[in-house]
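**Student:** The residues making up each chain are set out below.
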Amino acid sequence: MSIKSLFTRLMVAAALVVGVTGLAATAQAASKHGKPGVVIQISENNPATWNLALNNARNLQQALGAKNVNVEIVAYGPGINMLKFDSEVAPRIKQASADGVAVRACGNTMKAKKLTEKDLEPGVKVVPAGVIEIMNKQREGWAYIKP
Amino acid sequence: MSIKSLFTRLMVAAALVVGVTGLAATAQAASKHGKPGVVIQISENNPATWNLALNNARNLQQALGAKNVNVEIVAYGPGINMLKFDSEVAPRIKQASADGVAVRACGNTMKAKKLTEKDLEPGVKVVPAGVIEIMNKQREGWAYIKP
Amino acid sequence: MSIKSLFTRLMVAAALVVGVTGLAATAQAASKHGKPGVVIQISENNPATWNLALNNARNLQQALGAKNVNVEIVAYGPGINMLKFDSEVAPRIKQASADGVAVRACGNTMKAKKLTEKDLEPGVKVVPAGVIEIMNKQREGWAYIKP
Numbered sequence: 001m002s003i004k005s006l007f008t009r010l011m012v013a014a015a016l017v018v019g020v021t022g023l024a025a026t027a028q029a030a031s032k033h034g035k036p037g038v039v040i041q042i043s044e045n046n047p048a049t050w051n052l053a054l055n056n057a058r059n060l061q062q063a064l065g066a067k068n069v070n071v072e073i074v075a076y077g078p079g080i081n082m083l084k085f086d087s088e089v090a091p092r093i094k095q096a097s098a099d100g101v102a103v104r105a106c107g108n109t110m111k112a113k114k115l116t117e118k119d120l121e122p123g124v125k126v127v128p129a130g131v132i133e134i135m136n137k138q139r140e141g142w143a144y145i146k147p
Numbered sequence: 001m002s003i004k005s006l007f008t009r010l011m012v013a014a015a016l017v018v019g020v021t022g023l024a025a026t027a028q029a030a031s032k033h034g035k036p037g038v039v040i041q042i043s044e045n046n047p048a049t050w051n052l053a054l055n056n057a058r059n060l061q062q063a064l065g066a067k068n069v070n071v072e073i074v075a076y077g078p079g080i081n082m083l084k085f086d087s088e089v090a091p092r093i094k095q096a097s098a099d100g101v102a103v104r105a106c107g108n109t110m111k112a113k114k115l116t117e118k119d120l121e122p123g124v125k126v127v128p129a130g131v132i133e134i135m136n137k138q139r140e141g142w143a144y145i146k147p
Numbered sequence: 001m002s003i004k005s006l007f008t009r010l011m012v013a014a015a016l017v018v019g020v021t022g023l024a025a026t027a028q029a030a031s032k033h034g035k036p037g038v039v040i041q042i043s044e045n046n047p048a049t050w051n052l053a054l055n056n057a058r059n060l061q062q063a064l065g066a067k068n069v070n071v072e073i074v075a076y077g078p079g080i081n082m083l084k085f086d087s088e089v090a091p092r093i094k095q096a097s098a099d100g101v102a103v104r105a106c107g108n109t110m111k112a113k114k115l116t117e118k119d120l121e122p123g124v125k126v127v128p129a130g131v132i133e134i135m136n137k138q139r140e141g142w143a144y145i146k147p
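Residue numbers (our numbering), protein chains in the order written: chain A, 1 to 147; chain B, 1 to 147; chain C, 1 to 147.
Everything labelled a hint here was simulated from the structure, so no lab data went into it.
Don't take every hint at face value.
Claimed, not checked - Okay, derived cross-link-like pairs now, BS3-like style, lysine-lysine, Cα gap no bigger than 30 Å in a straight line:
1) C:35 x C:125
2) B:67 x A:125
3) C:35 x C:94
4) B:125 x C:35
5) A:35 x C:35
6) A:113 x B:67
7) C:35 x B:35
8) C:67 x B:111
9) C:125 x A:35
10) C:125 x A:67
11) C:111 x A:94
12) C:84 x C:118
13) B:94 x A:111
14) B:94 x A:114
15) B:113 x C:94
16) B:35 x A:111
17) B:113 x C:67
18) B:111 x C:35
19) A:111 x B:67
20) A:94 x C:114
21) B:84 x B:114
22) C:113 x A:67
23) C:67 x B:125
24) A:67 x C:111
25) B:35 x A:125
26) C:111 x A:35
27) C:94 x B:114
Quick caveat, the model's predicted, so the values are computed rather than measured.
Could you build the full structure based on these sequences and the hints that come with them?
**Tutor:** In structure tokens form, the structure reads like this:
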């Protein structure tokens, strides 16, 4: 083995190590040190709680800048009523969506309550299961808030 | 130093680097990329909330497969009533346990309310403190849900 | 390139890899394996919930030792009433502060309700936004509890 071929082999090995650890570091950075995210759970049929959640989302965006924080509201169970087109907070849902807050409805709850997307405020998207959406966001490093 | 001895030394050094970073990556993988876990907190004396929690556990298992997700319900404070043998949801607690959901009662609450394991639905296990159990699960990378 | 200069270059490269991955491992260790922390959210105007939160804080400190766990109570929205000097649980807030529990009030809520620090139990500190305080603690690896 010549010095040159040794050097080449070692550089390839080093690049692999740096690459692998770099990937791990990036995944970690994304969750703890990257753009922060907050998932807000709504599982109660209570307009006061809905308004508090919408205040939370607005305060996060105002304090950090809407571009610097991911905010998602996930409603399931009795909380699904928050997202109906005739909900008491429908105008605030519309505004939150326009401001870049992701608003998600639980597909399992929709089925159980025989609701379709037409029953929801436009802009709201349906996810298969609210609880899995909330779990996944936490696994990606987002904070959890239940107002 | 010969090329051969240099190569040996470098391979040992590289193995150490890979080993150390591998350990770190494994610890991380266990929490963020391993089998997902969800700890569900019950601290309210409210059968509607209990049923919602049991729906959450069932939905998680149905969507991901019971073998692919860890689900634990931890009850404390006024929520302890959920786990009594004569609870309104006792049949569902029995079913959840049979389905592989871990169901845990807070030992501190048990003492305060003078309850013993005989007062609980069979299959429920007592942990020293519900709040510490919930903290530990989150530290292990589990998501948190309060229905 | 001589063997010696090759060795030197490779050792510098290796030191960089170990350094970078070491930093990542340290950041991780601080959150998952360091001193545990629990942030307790109060967003309800309900003395029963306030007492449950104070029990949680006390149980954490008693089980782990007050020096071995960080506990912080953050109140916002209707939960702010917990922290007023004339609150039903004011004596317990004073005791918790003396015991090393950090007690924080949401500045946004204070403004909205026209409250000042004089309205709060001494020892309580005001943070700009409760929801951001709770998010930051979770990003630092603290567990979240909503009693």
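**Student:** Would the hint linking residue 111 (chain A) and residue 67 (chain B) be met if the CA-CA limit is 30 Å?
**Tutor:** holds (25 Å)
**Student:** Tell me if the straight-line CA distance from residue 113 (chain C) to residue 67 (chain A) falls inside 30 Å.
**Tutor:** holds (28 Å)
**Student:** Hinted pair, alpha-carbon criterion (30 Å max): residue 35 (chain C), residue 94 (chain C). Please report holds or violated.
**Tutor:** holds (24 Å)
**Student:** Between residue 113 (chain B) and residue 94 (chain C), is the straight-line Cα distance small enough, at 30 Å or below?
**Tutor:** holds (26 Å)
**Student:** Starting from residue 94 (chain B), check that the Cα of residue 111 (chain A) is at most 30 Å away, please.
**Tutor:** holds (26 Å)
**Student:** Do the alpha carbons of residue 67 (chain A) and residue 111 (chain C) lie within 30 Å of each other, as the hint requires?
**Tutor:** Roughly 25 Å separates the two Cα atoms, so the pair holds.
**Student:** Holds or violated: residue 111 (chain C) and residue 94 (chain A), Cα atoms, limit 30 Å.
**Tutor:** Distance ~26 Å between residue 111 (chain C) and residue 94 (chain A) Cα, so the pair holds.
**Student:** Hinted pair, alpha-carbon criterion (30 Å max): residue 113 (chain B), residue 67 (chain C). Please report holds or violated.
**Tutor:** holds (28 Å)
**Student:** Check whether the Cα positions of residue 94 (chain A) and residue 114 (chain C) lie no farther apart than 30 Å.
**Tutor:** Cα-Cα ~29 Å, so holds.
**Student:** Hey, residue 35 (chain B) versus residue 125 (chain A), does the alpha-carbon distance stay inside 30 Å?
**Tutor:** Between residue 35 (chain B) and residue 125 (chain A) the Cα gap is close to 27 Å, so the pair holds against 30 Å.
**Student:** Residue 67 (chain C) and residue 111 (chain B): Cα distance at most 30 Å?
**Tutor:** holds (25 Å)
**Student:** For the pair supplied as a hint, residue 35 (chain C) and residue 125 (chain C), confirm whether the alpha-carbon distance does not exceed 30 Å.
**Tutor:** holds (22 Å)
In this structure, every one of the numbered hints holds.
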